[in-house]
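Asks: Take 7 as the starting number for the sequence shown in the numbering used here and just add one per residue.
Simulated from the structure, these hints should not be mistaken for lab results. The structure displayed is predicted, hence computed values, not measured ones. Where a beta carbon is used, it is the ideal one built from N, C-alpha and C, also for glycine. Be aware that one or more of the hints could be misleading.
To be verified - Simulated DEER-style distance windows between Cβ atoms:
no.: 1; residue 1: Gly332; residue 2: Asn305; range: 18 to 24 Å
no.: 2; residue 1: Lys147; residue 2: Ser171; range: 19 to 25 Å
no.: 3; residue 1: Arg152; residue 2: Glu94; range: 33 to 39 Å
To be verified - Within a straight-line C-alpha distance of at most 25 Å, the following computed SDA-like cross-link-like pairs (lysine to any residue) qualify:
no.: 4; residue 1: Lys147; residue 2: Pro57
no.: 5; residue 1: Lys238; residue 2: Glu218
no.: 6; residue 1: Lys147; residue 2: Asp207
no.: 7; residue 1: Lys340; residue 2: Ser312
no.: 8; residue 1: Lys346; residue 2: Gly332
no.: 9; residue 1: Lys147; residue 2: Gly124
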Amino acid sequence: SMGVKQTICRIEASGLRGPAAHAVREASGADLFIDPDAETAAEVLELLDFPGADEVAHMANGEVVVIGASLPAEAPLVGRTLGDIAEEFEPDWDFMVASIGRGEETIIPRRDHRLEAGDHVRIVAKRRARRLVIELLGLAKHTPKRVMLLGGGRTAEILAKSLTSRGVQVVVVERNPERARELAEQLENCLVLEGDITDDDLLHEADVGRYEMVVALTGEDDANILACLFAKANGTTETVAVLHRLALLGLLSGAGVDVALSPRTATANGVLRFVRGGVAAVATFLHGDAEVLELEVANGSPADGSLVSELELPKDALIAAFVRDGKPQIGRGKSRLRAKDHVVVVAMPSSVDEVHRVLG
7 SMGVKQTICR IEASGLRGPA AHAVREASGA DLFIDPDAET AAEVLELLDF
57 PGADEVAHMA NGEVVVIGAS LPAEAPLVGR TLGDIAEEFE PDWDFMVASI
107 GRGEETIIPR RDHRLEAGDH VRIVAKRRAR RLVIELLGLA KHTPKRVMLL
157 GGGRTAEILA KSLTSRGVQV VVVERNPERA RELAEQLENC LVLEGDITDD
207 DLLHEADVGR YEMVVALTGE DDANILACLF AKANGTTETV AVLHRLALLG
257 LLSGAGVDVA LSPRTATANG VLRFVRGGVA AVATFLHGDA EVLELEVANG
307 SPADGSLVSE LELPKDALIA AFVRDGKPQI GRGKSRLRAK DHVVVVAMPS
357 SVDEVHRVLG
(Lines of atoms letter the chains of each structure in order from A and count residues from 1; the text may use other names and numbers.)
(Lines give C-alpha, C1' and ligand atoms only; values in the text may rest on other atoms or scores of the structure.)
Protein backbone atom coordinates (compact mmCIF):
# COMPACT_ATOMS: atom_id res chain seq x y z
CA SER A 1 0.00 0.00 0.00
CA MET A 2 2.63 2.51 -1.20
CA GLY A 3 4.35 3.16 2.11
CA VAL A 4 1.09 4.05 3.85
CA LYS A 5 1.05 2.56 7.35
CA GLN A 6 -2.65 1.82 7.67
CA THR A 7 -5.45 1.67 5.15
CA ILE A 8 -9.15 2.10 5.83
CA CYS A 9 -11.63 0.79 3.32
CA ARG A 10 -15.28 1.83 3.15
CA ILE A 11 -17.65 -0.88 1.86
CA GLU A 12 -21.14 -0.40 0.51
CA ALA A 13 -22.24 -3.69 -1.07
CA SER A 14 -24.31 -6.19 0.92
CA GLY A 15 -22.41 -9.04 -0.68
CA LEU A 16 -19.21 -7.89 1.01
CA ARG A 17 -19.98 -9.57 4.30
CA GLY A 18 -19.01 -12.82 5.90
CA PRO A 19 -16.69 -15.02 3.77
CA ALA A 20 -16.76 -12.56 0.84
CA ALA A 21 -15.65 -9.71 3.09
CA HIS A 22 -12.86 -11.84 4.51
CA ALA A 23 -11.57 -12.67 1.02
CA VAL A 24 -11.59 -9.01 -0.04
CA ARG A 25 -9.90 -7.99 3.20
CA GLU A 26 -7.12 -10.52 2.67
CA ALA A 27 -6.62 -9.50 -0.94
CA SER A 28 -6.70 -5.74 -0.35
CA GLY A 29 -4.47 -5.63 2.71
CA ALA A 30 -6.75 -2.97 4.25
CA ASP A 31 -6.59 -2.77 8.05
CA LEU A 32 -10.13 -1.66 8.72
CA PHE A 33 -13.38 -2.02 6.84
CA ILE A 34 -16.07 0.53 7.61
CA ASP A 35 -19.64 0.03 6.50
CA PRO A 36 -21.54 3.33 6.90
CA ASP A 37 -24.95 1.68 6.42
CA ALA A 38 -24.35 -0.91 9.14
CA GLU A 39 -22.89 1.74 11.48
CA THR A 40 -25.96 3.95 10.99
CA ALA A 41 -28.34 1.00 11.51
CA ALA A 42 -26.49 0.15 14.75
CA GLU A 43 -26.98 3.73 16.00
CA VAL A 44 -30.75 3.53 15.41
CA LEU A 45 -30.92 0.18 17.23
CA GLU A 46 -29.14 1.62 20.26
CA LEU A 47 -31.78 4.36 20.48
CA LEU A 48 -34.47 1.70 20.95
CA ASP A 49 -33.12 0.85 24.40
CA PHE A 50 -33.48 4.47 25.52
CA PRO A 51 -36.69 5.77 23.91
CA GLY A 52 -36.57 9.58 23.84
CA ALA A 53 -32.76 9.81 24.01
CA ASP A 54 -31.01 11.29 20.98
CA GLU A 55 -27.57 9.75 21.54
CA VAL A 56 -26.59 6.34 22.82
CA ALA A 57 -23.10 4.82 22.74
CA HIS A 58 -21.72 1.76 24.48
CA MET A 59 -18.18 1.71 25.87
CA ALA A 60 -16.01 -0.85 27.66
CA ASN A 61 -17.59 -3.91 26.03
CA GLY A 62 -21.07 -2.63 26.80
CA GLU A 63 -20.48 -2.29 30.57
CA VAL A 64 -20.77 1.50 30.36
CA VAL A 65 -23.38 3.38 28.35
CA VAL A 66 -23.40 7.06 27.34
CA ILE A 67 -26.86 8.59 26.89
CA GLY A 68 -27.60 12.05 25.54
CA ALA A 69 -31.02 13.69 25.85
CA SER A 70 -32.71 17.05 26.20
CA LEU A 71 -34.27 17.48 29.64
CA PRO A 72 -38.04 17.99 29.58
CA ALA A 73 -39.37 20.38 32.26
CA GLU A 74 -40.87 17.45 34.22
CA ALA A 75 -37.60 15.43 34.41
CA PRO A 76 -36.60 14.74 38.05
CA LEU A 77 -33.09 16.13 37.39
CA VAL A 78 -34.34 19.64 36.50
CA GLY A 79 -33.58 22.38 39.04
CA ARG A 80 -31.01 20.31 40.95
CA THR A 81 -27.28 20.78 41.23
CA LEU A 82 -24.89 17.94 40.50
CA GLY A 83 -23.86 18.06 44.17
CA ASP A 84 -27.49 17.46 45.28
CA ILE A 85 -27.82 14.55 42.89
CA ALA A 86 -24.53 13.01 44.08
CA GLU A 87 -25.62 13.23 47.73
CA GLU A 88 -28.96 11.57 47.02
CA PHE A 89 -27.29 8.51 45.50
CA GLU A 90 -24.42 8.28 48.00
CA PRO A 91 -22.65 5.90 48.47
CA ASP A 92 -23.57 3.82 45.45
CA TRP A 93 -23.17 5.83 42.26
CA ASP A 94 -24.38 4.18 39.08
CA PHE A 95 -24.27 7.23 36.81
CA MET A 96 -22.77 10.68 36.34
CA VAL A 97 -23.83 13.81 34.44
CA ALA A 98 -20.74 14.23 32.27
CA SER A 99 -21.61 17.18 30.03
CA ILE A 100 -24.30 19.83 29.67
CA GLY A 101 -25.17 21.53 26.40
CA ARG A 102 -26.87 24.89 26.98
CA GLY A 103 -27.54 27.03 23.93
CA GLU A 104 -24.31 27.05 21.94
CA GLU A 105 -22.17 26.17 24.96
CA THR A 106 -20.96 22.75 26.10
CA ILE A 107 -20.06 22.58 29.80
CA ILE A 108 -18.04 19.85 31.50
CA PRO A 109 -19.84 20.37 34.80
CA ARG A 110 -18.77 20.66 38.43
CA ARG A 111 -20.77 20.03 41.63
CA ASP A 112 -22.36 23.49 41.72
CA HIS A 113 -23.83 23.35 38.21
CA ARG A 114 -27.64 23.37 38.27
CA LEU A 115 -29.58 21.55 35.55
CA GLU A 116 -32.28 23.46 33.65
CA ALA A 117 -35.19 22.36 31.44
CA GLY A 118 -34.01 22.23 27.83
CA ASP A 119 -30.39 21.40 28.77
CA HIS A 120 -28.90 18.70 26.60
CA VAL A 121 -27.27 16.38 29.14
CA ARG A 122 -24.96 13.48 28.54
CA ILE A 123 -25.00 10.82 31.22
CA VAL A 124 -22.39 8.11 31.65
CA ALA A 125 -23.86 5.12 33.48
CA LYS A 126 -23.33 1.50 34.39
CA ARG A 127 -25.31 -0.77 32.13
CA ARG A 128 -27.50 -1.95 35.02
CA ALA A 129 -28.69 1.64 35.66
CA ARG A 130 -30.71 1.80 32.44
CA ARG A 131 -34.13 2.08 34.15
CA LEU A 132 -32.94 4.66 36.66
CA VAL A 133 -31.40 6.84 33.94
CA ILE A 134 -34.57 6.68 31.80
CA GLU A 135 -36.58 7.80 34.84
CA LEU A 136 -34.22 10.63 35.85
CA LEU A 137 -34.09 12.00 32.30
CA GLY A 138 -37.89 11.91 32.07
CA LEU A 139 -37.74 9.65 28.99
CA ALA A 140 -40.43 7.30 27.67
CA LYS A 141 -40.67 4.06 29.63
CA HIS A 142 -41.62 1.74 26.78
CA THR A 143 -39.43 0.38 24.02
CA PRO A 144 -41.15 0.92 20.65
CA LYS A 145 -43.10 -2.13 19.46
CA ARG A 146 -43.95 -0.68 16.02
CA VAL A 147 -41.40 1.04 13.79
CA MET A 148 -41.86 2.51 10.30
CA LEU A 149 -38.81 2.81 8.04
CA LEU A 150 -39.15 5.42 5.29
CA GLY A 151 -36.80 4.51 2.45
CA GLY A 152 -35.71 0.99 1.56
CA GLY A 153 -31.96 1.31 1.09
CA ARG A 154 -29.29 -0.90 2.65
CA THR A 155 -29.48 0.78 6.06
CA ALA A 156 -33.23 0.11 6.16
CA GLU A 157 -32.71 -3.50 5.11
CA ILE A 158 -30.10 -4.13 7.83
CA LEU A 159 -32.30 -2.35 10.38
CA ALA A 160 -35.51 -4.19 9.39
CA LYS A 161 -33.81 -7.58 9.87
CA SER A 162 -32.49 -6.60 13.32
CA LEU A 163 -35.80 -5.12 14.44
CA THR A 164 -37.95 -8.07 13.35
CA SER A 165 -35.54 -10.45 15.10
CA ARG A 166 -36.28 -8.46 18.30
CA GLY A 167 -40.00 -8.94 17.78
CA VAL A 168 -40.66 -5.38 16.60
CA GLN A 169 -43.39 -4.91 13.99
CA VAL A 170 -41.79 -3.20 10.95
CA VAL A 171 -43.18 -1.46 7.88
CA VAL A 172 -40.86 -0.24 5.10
CA VAL A 173 -41.92 2.39 2.54
CA GLU A 174 -39.88 2.31 -0.71
CA ARG A 175 -40.45 4.39 -3.86
CA ASN A 176 -38.76 2.16 -6.45
CA PRO A 177 -41.15 -0.70 -7.46
CA GLU A 178 -38.32 -3.11 -8.25
CA ARG A 179 -36.52 -2.47 -4.96
CA ALA A 180 -39.83 -2.72 -3.06
CA ARG A 181 -40.41 -6.18 -4.57
CA GLU A 182 -36.87 -7.24 -3.75
CA LEU A 183 -37.29 -6.14 -0.12
CA ALA A 184 -40.66 -7.89 0.17
CA GLU A 185 -38.95 -11.14 -0.89
CA GLN A 186 -35.93 -10.69 1.39
CA LEU A 187 -37.59 -9.42 4.56
CA GLU A 188 -39.72 -11.94 6.39
CA ASN A 189 -42.40 -10.72 8.83
CA CYS A 190 -42.10 -7.26 7.34
CA LEU A 191 -44.69 -5.25 5.42
CA VAL A 192 -43.24 -3.38 2.42
CA LEU A 193 -45.29 -0.54 0.90
CA GLU A 194 -44.44 0.92 -2.48
CA GLY A 195 -44.73 4.70 -2.54
CA ASP A 196 -43.12 8.09 -1.99
CA ILE A 197 -42.28 8.93 1.64
CA THR A 198 -43.31 12.58 1.11
CA ASP A 199 -46.78 11.54 -0.05
CA ASP A 200 -49.00 12.62 2.85
CA ASP A 201 -51.90 10.47 1.62
CA LEU A 202 -49.75 7.34 1.63
CA LEU A 203 -48.45 8.02 5.16
CA HIS A 204 -51.97 8.83 6.30
CA GLU A 205 -53.30 5.61 4.83
CA ALA A 206 -50.47 3.63 6.42
CA ASP A 207 -51.55 5.25 9.73
CA VAL A 208 -48.09 6.64 10.46
CA GLY A 209 -49.20 7.99 13.86
CA ARG A 210 -49.71 4.43 15.11
CA TYR A 211 -45.96 3.81 15.00
CA GLU A 212 -43.98 4.76 18.10
CA MET A 213 -40.85 5.37 16.04
CA VAL A 214 -40.46 6.54 12.46
CA VAL A 215 -36.99 6.48 10.87
CA ALA A 216 -36.54 8.39 7.61
CA LEU A 217 -33.46 7.16 5.77
CA THR A 218 -33.67 7.92 2.08
CA GLY A 219 -30.68 9.57 0.42
CA GLU A 220 -32.59 12.87 0.32
CA ASP A 221 -32.33 14.98 3.46
CA ASP A 222 -35.27 17.26 2.70
CA ALA A 223 -37.57 14.28 2.08
CA ASN A 224 -36.41 12.73 5.36
CA ILE A 225 -37.14 15.94 7.28
CA LEU A 226 -40.56 16.50 5.68
CA ALA A 227 -41.64 12.92 6.35
CA CYS A 228 -40.58 13.24 10.01
CA LEU A 229 -42.53 16.48 10.40
CA PHE A 230 -45.63 14.84 8.95
CA ALA A 231 -45.22 11.77 11.19
CA LYS A 232 -44.76 13.98 14.27
CA ALA A 233 -47.83 16.06 13.43
CA ASN A 234 -49.81 12.83 13.17
CA GLY A 235 -48.85 11.48 16.56
CA THR A 236 -45.61 9.50 16.16
CA THR A 237 -43.76 9.52 19.50
CA GLU A 238 -40.22 9.61 18.15
CA THR A 239 -38.90 10.60 14.73
CA VAL A 240 -35.36 9.91 13.52
CA ALA A 241 -33.98 11.52 10.36
CA VAL A 242 -30.76 10.34 8.74
CA LEU A 243 -29.05 13.42 7.31
CA HIS A 244 -26.11 13.70 4.95
CA ARG A 245 -25.73 17.48 5.12
CA LEU A 246 -24.72 18.32 8.66
CA ALA A 247 -25.45 22.04 8.12
CA LEU A 248 -29.16 21.20 8.38
CA LEU A 249 -28.84 20.01 11.97
CA GLY A 250 -29.00 23.45 13.53
CA LEU A 251 -32.39 24.07 11.94
CA LEU A 252 -33.98 20.97 13.37
CA SER A 253 -33.97 21.33 17.13
CA GLY A 254 -37.56 21.62 18.25
CA ALA A 255 -38.84 21.35 14.69
CA GLY A 256 -40.46 17.93 14.97
CA VAL A 257 -37.38 15.82 14.26
CA ASP A 258 -36.36 14.22 17.56
CA VAL A 259 -33.09 12.63 16.51
CA ALA A 260 -30.79 13.37 13.60
CA LEU A 261 -28.19 10.74 12.75
CA SER A 262 -25.45 11.14 10.20
CA PRO A 263 -23.77 8.31 8.30
CA ARG A 264 -20.71 10.57 8.33
CA THR A 265 -20.42 10.69 12.12
CA ALA A 266 -21.35 7.00 12.41
CA THR A 267 -18.52 6.21 9.99
CA ALA A 268 -16.18 8.71 11.63
CA ASN A 269 -16.65 7.02 15.00
CA GLY A 270 -15.66 3.68 13.48
CA VAL A 271 -12.58 5.25 11.91
CA LEU A 272 -11.64 7.19 15.06
CA ARG A 273 -11.76 4.05 17.19
CA PHE A 274 -9.16 2.63 14.85
CA VAL A 275 -6.95 5.62 14.09
CA ARG A 276 -6.51 6.80 17.67
CA GLY A 277 -4.33 3.81 18.55
CA GLY A 278 -4.81 2.73 22.17
CA VAL A 279 -8.37 4.04 22.17
CA ALA A 280 -10.75 1.15 22.61
CA ALA A 281 -13.83 3.19 21.74
CA VAL A 282 -14.69 6.75 20.94
CA ALA A 283 -17.94 8.58 20.42
CA THR A 284 -18.24 11.96 18.77
CA PHE A 285 -21.77 13.27 18.77
CA LEU A 286 -23.75 15.74 16.75
CA HIS A 287 -24.76 17.70 19.86
CA GLY A 288 -21.97 19.95 21.08
CA ASP A 289 -18.34 19.16 20.67
CA ALA A 290 -17.40 17.07 23.72
CA GLU A 291 -15.93 13.66 22.89
CA VAL A 292 -16.25 10.49 24.91
CA LEU A 293 -13.10 8.36 24.87
CA GLU A 294 -12.25 4.99 26.32
CA LEU A 295 -8.57 4.60 27.17
CA GLU A 296 -6.52 2.00 28.97
CA VAL A 297 -4.35 3.25 31.84
CA ALA A 298 -0.75 2.47 30.86
CA ASN A 299 1.76 0.92 33.23
CA GLY A 300 3.80 3.63 34.94
CA SER A 301 1.70 6.49 33.51
CA PRO A 302 0.86 9.46 35.80
CA ALA A 303 -2.59 7.88 36.38
CA ASP A 304 -1.27 4.46 37.44
CA GLY A 305 -1.85 4.26 41.21
CA SER A 306 -3.20 7.83 41.50
CA LEU A 307 -6.47 9.08 42.92
CA VAL A 308 -8.68 10.75 40.32
CA SER A 309 -8.59 13.95 42.41
CA GLU A 310 -4.77 14.02 42.13
CA LEU A 311 -4.66 13.79 38.35
CA GLU A 312 -3.62 16.95 36.55
CA LEU A 313 -6.45 16.82 34.04
CA PRO A 314 -7.54 19.90 32.10
CA LYS A 315 -10.67 21.68 33.44
CA ASP A 316 -12.74 20.54 30.48
CA ALA A 317 -11.97 16.84 30.86
CA LEU A 318 -13.64 14.47 33.26
CA ILE A 319 -13.10 10.84 34.26
CA ALA A 320 -16.69 9.60 34.14
CA ALA A 321 -16.22 5.87 34.68
CA PHE A 322 -13.68 3.08 34.67
CA VAL A 323 -13.88 -0.68 34.29
CA ARG A 324 -11.61 -3.00 36.26
CA ASP A 325 -11.77 -6.78 35.82
CA GLY A 326 -15.02 -6.38 33.88
CA LYS A 327 -16.72 -4.39 36.69
CA PRO A 328 -17.80 -0.81 35.90
CA GLN A 329 -17.37 1.98 38.48
CA ILE A 330 -18.33 5.64 38.24
CA GLY A 331 -15.31 7.96 38.52
CA ARG A 332 -15.00 9.89 41.79
CA GLY A 333 -12.29 12.02 43.33
CA LYS A 334 -11.42 9.22 45.75
CA SER A 335 -11.26 6.48 43.08
CA ARG A 336 -7.74 5.12 42.66
CA LEU A 337 -6.80 4.12 39.12
CA ARG A 338 -4.52 1.23 38.20
CA ALA A 339 -2.72 0.11 35.07
CA LYS A 340 -5.01 -1.84 32.73
CA ASP A 341 -8.17 -0.03 33.95
CA HIS A 342 -10.37 1.01 31.04
CA VAL A 343 -11.27 4.63 31.68
CA VAL A 344 -14.18 6.49 30.05
CA VAL A 345 -13.29 10.16 29.70
CA VAL A 346 -15.49 13.05 28.56
CA ALA A 347 -13.37 15.86 27.14
CA MET A 348 -13.42 18.81 24.80
CA PRO A 349 -11.31 18.12 21.68
CA SER A 350 -8.64 20.63 22.79
CA SER A 351 -7.96 18.54 25.92
CA VAL A 352 -7.71 15.11 24.31
CA ASP A 353 -3.90 15.16 23.90
CA GLU A 354 -3.43 16.11 27.55
CA VAL A 355 -5.77 13.29 28.64
CA HIS A 356 -3.65 10.84 26.60
CA ARG A 357 -0.52 12.11 28.37
CA VAL A 358 -1.98 11.59 31.86
CA LEU A 359 -3.45 8.14 31.19
CA GLY A 360 -1.04 6.78 28.63
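Asks: Range first: 19 to 25 Å. Now tell me if the beta carbons of Lys147 and Ser171 are that far apart.
Replies: holds, 23 Å
Asks: Is the distance from the Cβ of Gly332 to the Cβ of Asn305 consistent with 18 to 24 Å?
Replies: With Cβ atoms ~19 Å apart, the hint holds.
Asks: Just to be careful, I want the Cα atoms of Lys147 and Asp207 compared with a cutoff of 25 Å; is the pair within it?
Replies: Violated, because 31 Å separates the two Cα atoms, which is more than 25 Å.
Asks: With the threshold set at 25 Å, check whether the alpha-carbon distance from Lys340 to Ser312 stays at or below it.
Replies: Given pair Lys340, Ser312 holds - Cα atoms ~9 Å apart, limit 25 Å.
Asks: Measure nothing beyond the straight line between the CA atoms of Lys147 and Pro57; if it is 25 Å or shorter, mark the hint as holding.
Replies: Given that 25 Å is the threshold and the Cα spacing comes to 7 Å, the pair holds.
Asks: Starting from the range 33 to 39 Å, see whether the pair Arg152 and Glu94 falls in it by beta-carbon distance.
Replies: About 36 Å separates the Cβ atoms of Arg152 and Glu94, which means 33 to 39 Å holds.
Asks: Below or equal to 25 Å on CA atoms is what counts here, so check Lys147 against Gly124.
Replies: Holds - the C-alpha atoms of Gly124 and Lys147 are around 19 Å apart, at most 25 Å.
Asks: Is Lys238 within 25 Å of Glu218, Cα to Cα?
Replies: Cα-Cα ~10 Å, so holds.
Asks: Taking 25 Å as the top limit, are the C-alpha atoms of Lys346 and Gly332 close enough?
Replies: holds, 11 Å
In summary, the structure is inconsistent with hint 6 from the numbered list given earlier, while agreeing with all the others.
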